[in-house]
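Take the sequence shown: its letter number 48 is residue 47 in numbering that gives the first Met the number 0, and every next letter is one higher.
Among the clues, some could well be false.
To be verified - Below, simulated DMTMM-like cross-link-like pairs (lysine to aspartate or glutamate); rule was C-alpha separation at most 25 Å, straight line:
#1 35 to 62
#2 96 to 59
#3 75 to 43
It should be emphasised that the hints constitute simulated quantities derived from the structure, not laboratory data.
A quick note: this is a predicted structure, and the numbers were derived from the prediction, not measured.
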Amino acid sequence: MQKDIAKCKLNKAEKAKLRTLMERVRLRQTLSGDVKNLGGDLLEVRLDGDHRIFRLLYAEVEDGLVLLGLSFFQKKTQATPPVQKLTANRRLKEWRKRRTEA
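All chains, full assembly: derive it from the sequences and hints.
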C-alpha cells in the first residue's frame with residue numbers, strides 16, 4: 000500500500016490528514032458519513048486533500064482487528080473503480096491466507 004500512497008504524491012498537509020484519518024479508523028472514531036460499506040468485508044473512507052479527493056479501502060477482520068491499507072487512490076469518478084475493489088479484495092485474501100498458514 001505504500002506504493003499506492005507514493006503514486007498519489009501527497010503533499011505534507013495531505014500526509015498529515017491521512018495519518019489522522021488512519022488513526023481515527025484504527026480507534027473506530029470515524030465521523031458520521033466517513034465510512035462507506037462497499038460490500039463483503041470492504042469499507043471505504045474518504046480523505047479530502049488539497050483540491051483533490053482520495054479513498055482508502057480497508058477491512059475490519061477477525062478478533063476486532065482493523066486491517067488498514069488494502070488500497071489507496073485518488074478519486075476521479077463518482078463510483079469506486081472496480082480495479083481498486085479487486086486489488087483490495089485480493090490483498091485481503093492474501094493476508095487471510097498468510098494468517099491461517101502461520
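Which hint numbers doesn't this structure obey? No hint contradicted; all consistent.
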